[in-house]
Amino acid sequence: MATLLITNGTILDPSQKLERKADLLLKDGKVAAIGQDLGKADQVIDASGLLVTPGLIDIHVHFREPGDEEEETIASGAAAAVAGGFTTVCCMPNTKPPLETEAAIEFVLRESQRVGLANVYPVGAITKGREGKELAEIGSMNERGAVAFSDDGVGVADASVMRKALQYCRMFDAVIMQHCEEHSLGGGAMHAGVVSTSLGLPGIPPEAEQLMIARDLLLNRKIGCRYHVQHISTEWSVELIRRAKQNGQSVTAEVAPHHLLLTDENCRGYDTNYKMNPPLRTAADVAACVAGVKDGTLDCLATDHAPHLAEEKELEFANAPFGILGLECALPLYVKALVTPGHIPWPRLIELMTVAGAKIAKLNKGTLAIGADADVTIIDPNLKWTIDKNQFRSKSRNCPFHGWDVQGRAVATIVGGRVSWTLR
Amino acid sequence: MIETLNTSSTAWKRKHLLSLEELTANEIRFVLDTADSFKEVSTRSVKKVPALRGRVVVNAFFEDSTRTRMSFSLAAQRLSADLIDFSEKGSSVSKGETLIDTARNIEAMGVDVIVIRHSAAGSAELLSRSIKASVINAGDGAHEHPTQGLLDLYTIRERFGKIAGLKIAIVGDIANSRVARSDLWGLKKLGAEVILVGPTTLLPKSFESLGARVVHDFDSVIGEVDVINMLRVQNERIKSSQFPTVREFTNLFGLTSDRFTRCKPDVFVMHPGPMNRGIEISSHIADGPQSGILTQVTNGLAVRMAVLYLVSGATT
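Residue numbers (my numbering), protein chains in the order written: chain F, 792 to 1215; chain E, 15 to 330.
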């Protein structure tokens, strides 16, 4: 009967529209009580001046295991997650081999349990080998615990395959998370615009993303599968989703910290830490993404945490891999992009980082309701600190935010009633 | 005359030459003036000065090149530098060694200047961040080819006695051209008007933001320009549907005899080479009295001597 009592904090649980000073009692891995004078506990954490929120959730990370364990593993990724305040993450299936079998799904779940730091849930591949040709065993993976399906890294290019994927996933009420990029317009290294023209780098036009979103929305109009757009990056992508939602279509979308804070101007100097896919777009796109978060068009925040080796990122810009770390600096970056300028208040930020993602991936998480899993993040919203990639738990260092002065940080991360991480 | 390396009192403080975008107008003029003094060397019976004696220059060419490479080799030799010629076709990635590793290995042999040609934009800048030697960009992908830009400026200045106020058309595959970008920056900085001419598929509107006039109808500007710089047409652009056929390209954007008659009488014609005779330029124009094409090559040597000399001076 292990008990953990968090005292004197401000409980902030958007799932219950809760924001008040109270104590929180966790018992046997579940939320036991919220209130005053909750009695004695095995362990007590004083959260005076701090926010006590449901454990943060990131539905889009890459942990590289199996295949590229030198970049990240489920263990190092989970350590990075809890250091950033995340108790639950969904890892994408573009591993080597891809997560496309029950055995692979089982492996991620077991390894997550063995590591015991965070809840790491697997996303299964939509198609065999992520090749976009034949459906993978979605039903079997779904049964074994895959929380969503995606060929992330690439979109499902073939319209007839995508239609079948939407129809098939509908049968299980499973969500498809699409990496939206029309293949024939991709192949560039950065956003196609003035900066790419000046740098002489091949561009990825915004239409690459918009075309696939538009196509999928049309395909799904009558099917009504749960369809989720990953890492939104352009103004018109936001608009397409806004209109689809107005028409009552089944669609959700996420946005990453870098698409809320950086632009293609950052690529000047050819620093490959600014190379990711979708690429950094223009200031107008950033503003549209922020507006999309503000008006609810975009449903949740997700980092697309994508670790890469230093030697890969040391290549020429066009040859370096896409990707940017996310987990360990996401919270203060969202604060900087959304809360500090007054676009959204803290409760909304926590909603976007907890229950919103849980709903999309149908996770029984993201709430401090009595009886819920005891995943809790304690946040100091006022803590000022400097992002230092050399302090990261991740195995990789591809972070362009290194050296940024930020505000707000998770100071303790509790997973299943156990303290997984505390700040020193 | 410059006989030895004088490191003081120059207007040049840069260790590298990576682009013309980053240079000031004064720096560009200083290189051109320095090239002036070196041009004289080529007219002597002994065409050599001891300016870089004891220095090591490496030509690191990761992409095919004939004239740029020969030009740099000869320039280094005329300055009495020791020269290593290194070439590696294909990307360093395919070889399993990164560009930075390759460069660090070359540098470990004690070199002073690395001249790099590479198919990836930004590779010269990447190199300059990773090693201690001076880096000269001899063409990086579609980004820049600064010494070509400088020799074009030099040649135009030599012909007209000035650059400011001139109207210069650069014609062809602008999107994929590093020469167009370097020319554009250099010409703008020295006060010329730059008109970029090409099909919409090879000349995005975004070039307007870089300060150029963007034109898709060659004939609409042909009578008003002082200089026409024709770029090489690449056959592989047909495969990627950027224009339908070579024939149509020539019809729309070639410097044909017919178009030439509508040019200013003293128009100056340039081409960075290698030329596709009969495609982007008619032979009789290329070989005619208004062509500066071979002068460009001659001037390239003087300009590259100047650049090697100046970046070496900044190293010490």
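Hints were generated in silico from the structure; no laboratory data involved.
It is possible that some hints are incorrect.
What the simulated footprint calls covered on chain E by chain F, stretch by stretch (three residues with Cβ under 8 Å from a Cβ of chain F suffice, anywhere in the stretch; the number is not a length) [to be verified]:
1) 150-163
2) 167-178
3) 268-277
One side only, chain E facing chain F, incomplete, derived with CB under 8 Å [said to hold, decoys possible]:
4) 113
5) 139
6) 145
7) 192
Every residue, glycine too, gets a C-beta built ideally from N, C-alpha and C.
Do the hints match the structure? See the list:
no., hint, in the structure
1, 150-163, "holds (count 5)"
2, 167-178, "violated (count 0)"
3, 268-277, "violated (count 0)"
4, 113, "holds (6 Å)"
5, 139, "holds (5 Å)"
6, 145, "violated (12 Å)"
7, 192, "holds (6 Å)"
Going down the numbered hints, you'll see the structure goes against 2, 3 and 6, while the others check out.
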